Amino acid sequence: MDVIRVERPHEKRGGALLLSALALPGVVPSAAAQSAPDKGIFEVQYLSYRDWQPGRNRMKVDAPAFYTLMPIGDTWVVEGGMVYDAMSGASPLYFNVLSGASIGEYRTAGDIKVTKYVGDQAVSFGAFVSSEQDFLSRGASLNVQYFSEDRNRTWLLGVAGNNDRINAVNGVAPNSKRNSLEFVVGITQALSPNDIVQSNLTYYTGHGYYSDPYKPLDTRPTERQTWAWLTRYNHYFADQDATLRLGYRLLFDSFGSTSNALDVAWTQALPWYGIAVTPALRFYTQTSADFYKNPPFPLGYVDGQNYSADTRLASFGAITAGLTIAAPLWDGWNVALRADYYRQDPDWQIFGSGSPGIQIFAARWFQVNLTKNF
Amino acid sequence: MAGEHEIQLAGASASAARRAAEDAIADVLRIEAKYSRFRDDSVTSRINAAAGAAPVAVDDETYALLNYAGQCHAQSDGLFDITSGVLRRAWNFRRDPPAIPSSAELAAILPLIAWRDVEWSERSVRLPRAGMEIDFGGIGKEYAADRVATILLGHGMRHGFVNLGGDIRAIGPQPDGTPWRAGIRHPRVDGVAIAAFDLAEGALATSGDYERYFDLGGKRYCHILDPRTGRPVTHWQSVSVAAPLCVVAGSCATIAMLRGEGATAFLDAQGLAWLGVAADGTIHPPSAR
Chain A
378 MDVIRVERPH EKRGGALLLS ALALPGVVPS AAAQSAPDKG IFEVQYLSYR DWQPGRNRMK
438 VDAPAFYTLM PIGDTWVVEG GMVYDAMSGA SPLYFNVLSG ASIGEYRTAG DIKVTKYVGD
498 QAVSFGAFVS SEQDFLSRGA SLNVQYFSED RNRTWLLGVA GNNDRINAVN GVAPNSKRNS
558 LEFVVGITQA LSPNDIVQSN LTYYTGHGYY SDPYKPLDTR PTERQTWAWL TRYNHYFADQ
618 DATLRLGYRL LFDSFGSTSN ALDVAWTQAL PWYGIAVTPA LRFYTQTSAD FYKNPPFPLG
678 YVDGQNYSAD TRLASFGAIT AGLTIAAPLW DGWNVALRAD YYRQDPDWQI FGSGSPGIQI
738 FAARWFQVNL TKNF
Chain B
43 MAGEHEIQLA GASASAARRA AEDAIADVLR IEAKYSRFRD DSVTSRINAA AGAAPVAVDD
103 ETYALLNYAG QCHAQSDGLF DITSGVLRRA WNFRRDPPAI PSSAELAAIL PLIAWRDVEW
163 SERSVRLPRA GMEIDFGGIG KEYAADRVAT ILLGHGMRHG FVNLGGDIRA IGPQPDGTPW
223 RAGIRHPRVD GVAIAAFDLA EGALATSGDY ERYFDLGGKR YCHILDPRTG RPVTHWQSVS
283 VAAPLCVVAG SCATIAMLRG EGATAFLDAQ GLAWLGVAAD GTIHPPSAR
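From first to last, the protein sequence lines are chains A and B.
When you read off a place in the first sequence, starting at 1, and then add 377, the result is the number in the working numbering.
When you read off a place in the second sequence, starting at 1, and then add 42, the result is the number in the working numbering.
Accuracy of the hints is not assured; some may be wrong.
Pulled a few chain A residues facing chain B out of the computed Cβ check, cut under 7 Å [stated by the list, open to error]: (1) 401; (2) 571; (3) 705.
According to the in silico footprint, chain B covers these stretches of chain A (three or more CB under 8 Å from chain B) [to be verified]: (4) 393-400; (5) 610-624; (6) 645-653.
By construction, these hints were calculated from the structure, which means they are not laboratory data.
All figures in this text were calculated on a predicted structure; none of them were measured in a lab.
C-beta: ideal position from N, C-alpha, C; glycine also.
Let the hints inform the model, and build the full structure from the sequences given.
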């Protein structure tokens, strides 16, 4: 049988008829603002968090949140969200996986980001505020993205600034401040139609109050720098209708700690009702900060020197296992249910030995997301 | 729109592909409803119903299609004429036993084939004589295939094709980079491929004498009718054309059928890859053999 190869018919002349056919509406994609999303998103989320150590329940967080993304015209996108956390329970005895300076009663946080797409570039401006009884954080960010002509490569340059105010309810270090700047440079490259790789390098520099006012004798440096290198790789397996997601992050902290995180996730589309399941695993290991001292408290404390017994700065390893089930509902609504289990153990530190004398700590999350595409 | 239609997508999640295909199919149905001559409420039927009477207002899309039909008319020296559908009144391919219309019957219809007398502008179109008709056969389905491709691309689809009754538009190769292989039907043996086109992007359309026809006295009488004589074309059994857009491939295939011997020069001048099966079964151009 004859086979005629027509590899690039668009390079054929096509004659006068092609020219007039190009005037037909919608027969070729318009080149304008290809990158700007043309669909909006509205999402509500409910998170339930609970953690425990052997023999005691520690903390409970219930957090409803919403997020929305709205294209405005062809080249503008506005997105933003709010979250409200209600927390109860004690601060963990040894470990505390919740970030933030304190165990407040509630937290309200919101952010907004405006993106303008211009030709091969997108410029985003973002603002962020988070408020607790004893902690106020405000930030702003500016990101510039450059898209290659074929849209297979994206460069990212970003800068963000943050200003925090700490007013611990116990009166330690009243009106303390912390200011930081973060710079990011990154590249996202589509290697093939089924492979995409992303690599970002982030430098953080800050000065101010980094100690934990609720931990006695806690004295940390007033300067902090971190370098973080994050690389992600996604591969789509067409035969299986599945996507493998790999991620690795290496972080150097001027506090003396180094951490490694490896993420593996597999998203499998099921043949029924558009349901997709994603089992995910995260391996994490960190070495301790230079000024971290092992229990018993306050062994190793020297007046005038940096000191912390905060087990978040200890040497340990952790595993997070999660499962997400996502399904389309109707009329553009999608639902996702997610459960995560987290367990950390000093014996799981793989670069050197873990910090002795720390108990195992575990936590679980349940999360429900409802998303509407419009 | 008769025939089998399919959209094949690869390299995307099932749910994303389904959403993309749903949008695409909705647009095909929209075009079908808007331009079908079988529906009384279509734009085509309203224009035809007003033949010899008042102008009918048209929108941008209809104007663009009329404009393209006009270009096809000009490029084919008048052979491609969207008013030639009136010949269906004389040629009934379903009649049993079949009958060849008389010269008198055809002579009565030929004055109604007159694209150059149609009064059309960006705002309206008017068929000047009662009994005149237009239809978008040979353009509409192919135009729909091109729009499907644009919609699928807009959904981020990069691998797949759309096939509307044998008119194919690829949106990108298979996920491993190999092109889609589109077979060319043997004009005389149903279900047998006579050749194939490898298509990574662009379109392939075929016009043939086997879609609607009857055989009488050892001769094939097909539905592709020469507007000058009102009689079926006979030079080709089928012509397949590859082009960047399906609407170009489809109209060039039809024009090639109408031009007969002149098809080679016409298609070569358009710079398009093509394959024709002549009445004697030989394959053209010779380089494709």
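Against the structure, the hints:
Against a cut-off of 7 Å between C-beta atoms, the interface hint on residue 401 of chain A holds, since the closest Cβ of chain B lies about 5 Å away. The closest approach between the C-beta of residue 571 of chain A and any C-beta of chain B is roughly 6 Å, which is under the 7 Å cut-off, so the hint is satisfied. The restraint placing residue 705 of chain A at the interface with chain B holds, with a minimum CB-CB distance near 6 Å, inside the 7 Å limit. Note: the stretch 393-400 of chain A has 7 residues with beta-carbon separation from chain B under 8 Å; the three-residue rule is met and the coverage holds.
Residues of the stretch 610-624 of chain A with a Cβ under 8 Å from some Cβ of chain B number 4, which satisfies the need for three, so the listed coverage holds. Judged by the Cβ-Cβ criterion of 8 Å, the stretch 645-653 of chain A is covered by chain B as claimed, because 4 of its residues qualify and three suffice.
Comparing the model with each numbered hint stated earlier shows that all of them hold.
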